[in-house]
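Protein chains in written order, with our numbering: chain A, 28 to 528; chain B, 2 to 113.
Bear in mind the hints are in silico, worked out from the structure with no lab data behind them.
Take the hints with a grain of salt, since some may be wrong.
Capping the alpha-carbon separation at 20 Å, the derived lysine to aspartate or glutamate pairs in EDC-like fashion look like this [stated by the list, open to error]:
no.	chain 1	residue 1	chain 2	residue 2
1	B	Lys61	B	Glu107
2	B	Lys61	B	Glu33
3	A	Lys365	B	Glu45
4	A	Lys302	B	Glu45
5	A	Lys302	A	Asp469
6	A	Lys479	A	Asp469
7	B	Lys91	B	Glu45
8	B	Lys73	B	Glu33
9	B	Lys3	B	Glu63
10	A	Lys296	A	Asp469
11	A	Lys367	B	Glu51
12	B	Lys41	A	Glu514
13	B	Lys91	B	Glu63
14	B	Lys35	A	Asp469
15	A	Lys415	A	Glu514
16	B	Lys35	B	Asp19
17	B	Lys35	B	Glu63
18	A	Lys106	A	Glu514
19	A	Lys365	B	Glu51
20	A	Lys296	B	Glu16
21	B	Lys83	B	Glu15
22	B	Lys3	B	Glu51
23	B	Lys83	B	Glu63
24	A	Lys254	A	Asp244
25	A	Lys479	A	Asp510
26	A	Lys302	B	Glu51
27	A	Lys367	B	Glu45
28	A	Lys415	B	Glu15
29	A	Lys248	A	Asp231
30	A	Lys497	A	Asp230
31	B	Lys91	B	Asp19
32	A	Lys415	B	Glu51
33	B	Lys10	B	Glu69
Since we're looking at a predicted model, the values are computed, not measured.
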Amino acid sequence: MTFETRRAGWIAAAVGLVCVVGFADVALAQTTAAPAAAAAPALVPNKGDTAWMLICSALVLMMSIPGLALFYGGLVRAKNMASVLTQVFAIVSLVGVIWTLYGYSLAFTDSGSLTPYVGGLGKAFLMGVDANSTVPTFSNGVVIPEFAYFVFQMTFAMITPALIVGAFAERIKFSAVMLFILLWVTVIYFPIAHWVWFIPAPDDVAAAAKAVAAAADGAAKTAAQAKLDEITGSAGWLAGSGALDFAGGTVVHINAGIAGLVGALIIGKRVGYGKDLMPPHSLTMTMIGASLLWVGWFGFNAGSNLESNGTTALAFVNTMVATAAAALSWLLAEWIIKGKPSLLGICSGAVAGLVAVTPASGFAGPIGALVLGLIVSPVCLFFVSTVKNTFHYDDALDVFGIHCIGGIIGALGTGILVNPALGGVGITDYTNFAGNNAGTYDFATQMIAQGKAVLATLVWSGVGSAILYKIVDMAIGLRPTTDAEREGLDITAHGERAYNM
Amino acid sequence: MKIVMAIIKPFKLEEVRDALTALGIHGLTVTEVKGFGRQKGHTEIYRGAEYAVSFLPKVKIEVAVASELVDKAIGAIVGAAKTGQIGDGKIFVIALDHAVRIRTGEADAAAL
């Protein structure tokens with residue numbers, strides 16, 4: 028299905044289908060006449076879409092382990108390498124279990140009156156989900172297997188909390204990480220994912236819109252309209268408000284970034300911070316990790332289209348272009364300001380670009396994505412150097428400076444770059460199912476929606492995370508002893524060394 | 002007998018070894034060390050963090066020689082390790098009381 032077909036829109040369908048009321052009547056007549064055959068033939072997932080989504084799920088897993096683990100691991104001192112790798116691996120595994128038990132259900136089901144804010148437990152333990160279950164994509168008449176959607180979304184839930192550990196690396200108890208992440212995904216991640224990504228099925232909206240168009244008199248029309256409103260109302264509140272986030276700028280990056288900053292502030296600085304040398308122990312590992320992140324991110328961004336079509340290719344291209352531009356602009360900015368072009372700089376720039384293009388990947392045009400990439404790196408560089416040094420917070424691996432700031436720039440940039448006048452795809456029907464403005468673009472409206480999503484995420488994740496850190500601190504304590512921290516978490520927390528040479 | 006201890010630039014190690022071997026000195030001990038002298042360190046920048054690295058990597062060699070070979074050994078090391086730049090290193094000569102070859106039990110000059 029081409030993108031143009033999709034842009035035709037549900038709302039357009041509602042109006043356009045007035046002229047085929049007769050067809051609807053015929054269908055209705057058949058339904059009445061032959062109840063046994065009432066159900067429309069179930070949509071069958073396309074094999075290519077299914078294969079693509081499963082490959083993307085594996086790619087996103089590769090972003091976490093080994094990608095993110097090595098990216099972070101290379102940046103800590105050798106005595107804490109195994110601890111970082113273990114934390115990331117353990118978070119991925121923990122969230123995989125939680126997601127299966129209740130996470131998927133909390134994020135992606137209807138919960139009646141609470142639907143705008145959180146999902147229900149209807150699919151806890153994957154109740155009612157089997158190999159024949161399907162979920163809608165963003166296109167009418169296209170479905171993918173629910174298991175493919177379930178596992179794709181699982182990999183997002185895995186990597187997001189893993190991003191946080193970079194902020195308090197080298198100074199946290201392993202048990203505290205585990206307990207915090209368990210609470211954090213449950214209270215922060217699943218609801219925010221639900222706010223932004225839980226939307227009604229396009230086919231349901233189209234069918235309801237068709238019914239409204241087909242309804243003859245006032246009472247029937249009112250009933251049909253109520254039904255349509257009920258369907259469009261069954262969405263996360265940020266999705267319903269028109270905020271655009273293609274692959275997780277708010278849900279993943281701002282969310283993890285602010286949680287990391289709050290953690291760095293509450294847990295405090297590393298012993299010796301500002302006095303001891305704390306250089307990365309292996310930029311080789313960091314480069315390998317950043318490169319794996321880049322490759323895996325195609326699954327993250329292009330996969331977020333949920334099917335394999337032109338928009339998927341657009342998201343793929345944007346991910347390539349913005350990242351290249353951001354890697355280059357960080358390198359150049361650092362070269363100009365600090366005098367030398369660094370490997371860590373170009374790797375950091377690539378990650379900043381990937382973060383920024385995440386919400387924009389399916390909405391901006393390639394040139395818009397390129398500009399976004401060029402802009403994000405100098406801003407992030409400013410935050411990880413000037414801002415961090417001014418305020419003296421020990422965000423060890425710059426989770427806030429790169430993920431939160433890059434995510435905010437991406438989220439706001441998406442609101443600008445979606446403008447067709449700037450090469451964007453415009454406001455499409457599936458991004459504004461509750462409004463009637465598909466095909467239109469208004470700068471102020473869109474920026475308000477984007478800003479609302481950014482602020483909501485900052486507040487919910489920032490305040491919520493602070494409370495959770497305090498709970499964990501009271502329950503089991505956040506920090507290891509100073510001696511343990513000095514000796515390194517590899518030996519003291521895990522009883523092993525990353526390197527025995 | 003003396004111990005000639007030299008702190009040299011790491012990339013000069015092979016040349017120094019060759020020069021000492023040419024004198025008939027067969028055996029020396031090498032340690033990777035860090036230190037500072039008149040040579041300034043350098044600055045490393047990792048994102049926002051700038052580190053002044055004042056301890057620079059050097060190689061320390063220790064070679065036990067008969068007293069009459071000391072001057073030749075010093076000359077060989079200086080000749081091989083000198084670049085003329087600050088940071089070429091230093092040589093220290095220390096008195097050596099006794100030496101034993103573990104395998105044979107030979108002592109002093111015979112053990113060198």
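Hints, one by one, checked against the model:
1. B:Lys61 <-> B:Glu107: violated, 26 Å
2. B:Lys61 <-> B:Glu33: Given pair Lys61 (chain B), Glu33 (chain B) holds - Cα atoms ~6 Å apart, limit 20 Å.
3. A:Lys365 <-> B:Glu45: holds, 10 Å
4. A:Lys302 <-> B:Glu45: holds, 15 Å
5. A:Lys302 <-> A:Asp469: Cα-Cα ~51 Å, so violated.
6. A:Lys479 <-> A:Asp469: Judged against 20 Å, a Cα distance of about 16 Å means the pair holds.
7. B:Lys91 <-> B:Glu45: The given pair, whose Cα atoms are some 26 Å apart, is violated under the 20 Å limit.
8. B:Lys73 <-> B:Glu33: Outside the cut-off at roughly 24 Å; violated.
9. B:Lys3 <-> B:Glu63: With Cα atoms ~10 Å apart, Lys3 (chain B) and Glu63 (chain B) stay inside 20 Å; holds.
10. A:Lys296 <-> A:Asp469: Violated, at about 44 Å.
11. A:Lys367 <-> B:Glu51: holds, 13 Å
12. B:Lys41 <-> A:Glu514: Not satisfied, since the Cα-Cα distance of roughly 30 Å exceeds 20 Å.
13. B:Lys91 <-> B:Glu63: Given that 20 Å is the threshold and the Cα spacing comes to 12 Å, the pair holds.
14. B:Lys35 <-> A:Asp469: Status violated; Cα separation ~63 Å.
15. A:Lys415 <-> A:Glu514: Distance ~26 Å between Lys415 (chain A) and Glu514 (chain A) Cα, so the pair is violated.
16. B:Lys35 <-> B:Asp19: violated, 23 Å
17. B:Lys35 <-> B:Glu63: holds, 15 Å
18. A:Lys106 <-> A:Glu514: holds, 7 Å
19. A:Lys365 <-> B:Glu51: holds, 10 Å
20. A:Lys296 <-> B:Glu16: violated, 46 Å
21. B:Lys83 <-> B:Glu15: Since the Cα atoms of Lys83 (chain B) and Glu15 (chain B) sit roughly 13 Å apart, the hinted pair holds (cutoff 20 Å).
22. B:Lys3 <-> B:Glu51: Given that 20 Å is the threshold and the Cα spacing comes to 43 Å, the pair is violated.
23. B:Lys83 <-> B:Glu63: With Cα atoms ~17 Å apart, Lys83 (chain B) and Glu63 (chain B) stay inside 20 Å; holds.
24. A:Lys254 <-> A:Asp244: holds, 15 Å
25. A:Lys479 <-> A:Asp510: Judged against 20 Å, a Cα distance of about 44 Å means the pair is violated.
26. A:Lys302 <-> B:Glu51: At roughly 11 Å apart (the allowed maximum being 20 Å), Glu51 (chain B) and Lys302 (chain A) satisfy the hint.
27. A:Lys367 <-> B:Glu45: holds, 10 Å
28. A:Lys415 <-> B:Glu15: Violated, at about 45 Å.
29. A:Lys248 <-> A:Asp231: Satisfied, since the Cα-Cα distance of roughly 17 Å is no more than 20 Å.
30. A:Lys497 <-> A:Asp230: Between Lys497 (chain A) and Asp230 (chain A) the Cα gap is close to 45 Å, so the pair fails against 20 Å, i.e. violated.
31. B:Lys91 <-> B:Asp19: holds, 18 Å
32. A:Lys415 <-> B:Glu51: Judged against 20 Å, a Cα distance of about 13 Å means the pair holds.
33. B:Lys10 <-> B:Glu69: Violated, at roughly 26 Å.
The structure fails to meet hints 1, 5, 7, 8, 10, 12, 14, 15, 16, 20, 22, 25, 28, 30, 33 from the earlier list, while all remaining hints are met.
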